[in-house]
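J.: Letter by letter, the chains look like this.
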Amino acid sequence: AAMSRKGVKLLVDSLTRSAKHFNKSEVECLINLFDTLVARASSQFAGVGFDRTVFRDTLHSAFGMTDDVVLDRVFSTFDRDNNGYISVVEWVEGLAVLLRGTLEEKMKHCFAVYDLNGDGYISKEEMFQMLKNSLLIQPADEEPDEGVKDLVEIALKKMASTYLLISFLLQDYDHDGKLSFEDFEKAVREEKLLLEAFGPCLPDIK
Amino acid sequence: IFSKASSSLEDIGESSSETDEDEQPVRRQEGSTDLSPEYWGIQKLAKYVKGGDPTATVIALCSMRDLNLSQEACQLAIKDTGCLEVLINLLDTEEIKCQTGSLKILKEISQNVLIRHAIADLGGLEIMVKILDSPDTDLKCLAAETIANVARFKRARKTVRQHGGINRLVELLESISLESSFQAEDTETARCGALALWSCSKSTRNKKAIRKAGGIPLLARWLKCSHTSILIPIVGTLQECASEPSYRLAIRTEGMIEDLVKNLSSEHEELQMHCASAIFKCAEDEETRDLVRKHEGLQPLSALLDNCENKQLLAAVTGAIWKCAISRENVLKFQEYKIVETLVTLLTDQPEEVLINVIGALGECCQEQENRGTIRRCGGIAPMVKLLSSTNRALLVNVNKAVGGCAMEPENMAVIDSLDGVRLLWSLLKNPNPDVQASAAWALCPCVENAKNSGEMVRSFVGGLELIVNLLKSKDKEVLTSVCAAIANIAKDQENLAVMTDHGVVPLLSKLANTNNNKLRRHLAEAIAHCCMWGSNRVAFGETKAVAPLARYLKAKDPLVHRATALALYQLSEDPNNCVIMHENGVVKLLLAMVGSTDDALQEAAAGCIANIRRLALATEKAKYG
Chain A
1 AAMSRKGVKL
11 LVDSLTRSAK
21 HFNKSEVECL
31 INLFDTLVAR
41 ASSQFAGVGF
51 DRTVFRDTLH
61 SAFGMTDDVV
71 LDRVFSTFDR
81 DNNGYISVVE
91 WVEGLAVLLR
101 GTLEEKMKHC
111 FAVYDLNGDG
121 YISKEEMFQM
131 LKNSLLIQPA
141 DEEPDEGVKD
151 LVEIALKKMA
161 STYLLISFLL
171 QDYDHDGKLS
181 FEDFEKAVRE
191 EKLLLEAFGP
201 CLPDIK
Chain B
1 IFSKASSSLE
11 DIGESSSETD
21 EDEQPVRRQE
31 GSTDLSPEYW
41 GIQKLAKYVK
51 GGDPTATVIA
61 LCSMRDLNLS
71 QEACQLAIKD
81 TGCLEVLINL
91 LDTEEIKCQT
101 GSLKILKEIS
111 QNVLIRHAIA
121 DLGGLEIMVK
131 ILDSPDTDLK
141 CLAAETIANV
151 ARFKRARKTV
161 RQHGGINRLV
171 ELLESISLES
181 SFQAEDTETA
191 RCGALALWSC
201 SKSTRNKKAI
211 RKAGGIPLLA
221 RWLKCSHTSI
231 LIPIVGTLQE
241 CASEPSYRLA
251 IRTEGMIEDL
261 VKNLSSEHEE
271 LQMHCASAIF
281 KCAEDEETRD
291 LVRKHEGLQP
301 LSALLDNCEN
311 KQLLAAVTGA
321 IWKCAISREN
331 VLKFQEYKIV
341 ETLVTLLTDQ
351 PEEVLINVIG
361 ALGECCQEQE
371 NRGTIRRCGG
381 IAPMVKLLSS
391 TNRALLVNVN
401 KAVGGCAMEP
411 ENMAVIDSLD
421 GVRLLWSLLK
431 NPNPDVQASA
441 AWALCPCVEN
451 AKNSGEMVRS
461 FVGGLELIVN
471 LLKSKDKEVL
481 TSVCAAIANI
491 AKDQENLAVM
501 TDHGVVPLLS
511 KLANTNNNKL
521 RRHLAEAIAH
531 CCMWGSNRVA
541 FGETKAVAPL
551 ARYLKAKDPL
561 VHRATALALY
571 QLSEDPNNCV
581 IMHENGVVKL
591 LLAMVGSTDD
601 ALQEAAAGCI
611 ANIRRLALAT
621 EKAKYG
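Note that the protein sequences, when read in sequence, are chains A and B.
Residue 15 in the numbering used here sits at position 15 of the first sequence, with consecutive numbering throughout.
Residue 112 in the numbering used here sits at position 112 of the second sequence, with consecutive numbering throughout.
You can trust all of the hints, since none of them are fake.
Below, computed lysine-lysine pairings styled on DSSO-like, alpha-carbon distance capped at 27 Å:
1. A/K192 <-> B/K130
2. B/K50 <-> A/K149
3. A/K157 <-> B/K107
4. B/K50 <-> A/K192
5. B/K107 <-> A/K158
6. A/K157 <-> B/K50
7. B/K104 <-> A/K108
8. B/K104 <-> A/K192
9. A/K124 <-> A/K186
10. B/K44 <-> A/K157
Covered by chain A, per the in silico footprint, the following chain B stretches (three or more residues, Cβ under 8 Å):
11. 38-50
12. 53-66
13. 97-110
What the hints contain is simulated information worked out from the structure, not anything from laboratory work.
Idealized CB from N, CA, C, for every residue including glycine.
Same shape as in the complex, but just chain A (with noise of 0.2 Å):
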């Protein structure tokens, strides 16, 4: 069922609004966008959105990007109310962040696409899941997954030297060690690269 006119200028409107980042040529395009994805979706729910599959494919076409499980985490981000497809407010804001986030909310995002559990926190388990593939060459002599998880330790050292300090200080070793956003943020200011350290997550420039 598409929308009238007036509809359509409303939510152009309030999406110019809320996604902060596009005009409003660039938003009546994107809800263009959206419109043809949903119709390339099973018409039964067409009124909802387009969901997981779908996403998953305009963003490698589009964005090339190729992380089964980060684009997972991608959508979930954006899929906000949680109901498995993506409207079209969804849409346009969760682009605005992908595309032309400010540092602070690129790092909410990607922070959030790791936090694989939604607790918060980045835990060791959840760094090794990211990374678990990152090793291409592995040496003969090693267990599998020593390599990987020595990795995690090293990220973990790297982006959590403070808690790792304290939890020495407190005799505190029974935590396993993990990040909070406020150690991933300090982190990132210091050293951009880091932004996307558990998996490609944002578009590539090119």
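Following the hints, put chain B in place on chain A, whose structure we already have.
T.: Same frame as chain A, but now just chain B:
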């Protein structure tokens, strides 16, 4: 064989302003043969860089930067683990994050001389030059800064040029913002480009390449910026390139002198030093000297003399003052700032590079009579004379000039003589270097002229007259000219002239007569004129064939040559045989034109000579026809 020859030709084209590290650097042997802890740390991270995907690589690279990369052990560990090759290979990928992470490390460790040679050997420079084409600004900046570090030796600089690096670096200076505003991002890009160009500009061919790439107007534009961080490499580059006349011309015509003068008053000593150095080099040209004065640069230069602690700055400033003082108007201006008094205080306890310039400056200040007296009153003569015993060639040349300048005042001469200064000057005639010999001989002229009991003094130098006469055998034009000038003065004393005649001064002078060099001609003619006044020297000059060449001197365009020649011919014309030769060579007609000159000495000599010739002609006619 050919490649060896071409590389040595390139070597000749280097400027010598900085010490260079062109031989393969030798590694210091560490005490223990055990691998350092840094080695294992790097080894572990290298595993992920070699075998990981971009995500793992970036994590490892970021972690590597936490290690103390400025420590040599760390730097060498990166090389020894083979990690350096991996870092360079990463540069060759299209992964911007990996390239960035790698360059951040390479930039740090390339401070180490062994590492930068290794980077060049591994082909890292070519790749970095390619990266200068990247659309990513941060990446370009990092590449430029790393090139700046690696290009500290000759071969690296050549490689940068051969792969089109100079053009790309000059492009980095092209700001995209409006003429007058300097945006932060553009300034940063330009700063990194300038740093790299500064390093590269140490090679002569690169200086040319920068110019051909249109670098000069861009350097001029950035010179107007007020951020010290970019001004330093910009002025550094200009100062380095100012050894080329084309750059000096451009610095003058593009209005850069004004900016250089302005920055002399900066708070940053390094910037002040580079500005002073640039002015030092550019002030070779008269127009630049005038521009420095017009833009009120002489005052800040004088003020900077107060900073005695920073020797490099002091050397640059005294150098600039020296060259600016070549122009008399500048000397007068400098006097307002009491420069002579200050310079005299710098004659003691200073490193040689400062002394050379201080003495050079004082020598130029002697153009003004007042300053000659000031030097004496400030007690400047004694330290100057002391420096005559130095062994530094450049210093000696300047000291000689300064002592000669002071010797123009009889009062100063008395002090110089009492300190044995003339004997020291005379012994410098034995110095193997022709520049030292010539400057010593020039300085002896006023000494001989103004000393009390000059004749006796000269005689007191054992073997001195023989020494100076023998210098007429030198192959160096300036030596010959200065020695002739000295001999002309010495010959005013009859006894000394007799001794010089015994040592064969006449044939030696005659041998020099066939020259087209007007400066030599002038002083040679003066020497001949004075040497005529003993015994049968006039006849001897005729016999040794000096007369005909002298006649030709009258055709020169230089009035000083005319005067000296007329004097010589007048003296020579006392001998009838010489008159005949002169007549045969058309001397009369030429001298007639000079009889009407406003120069009294020339007028008299010309007239006297013509009279002698005419008298002889009349006597001959009379004898023939009764």
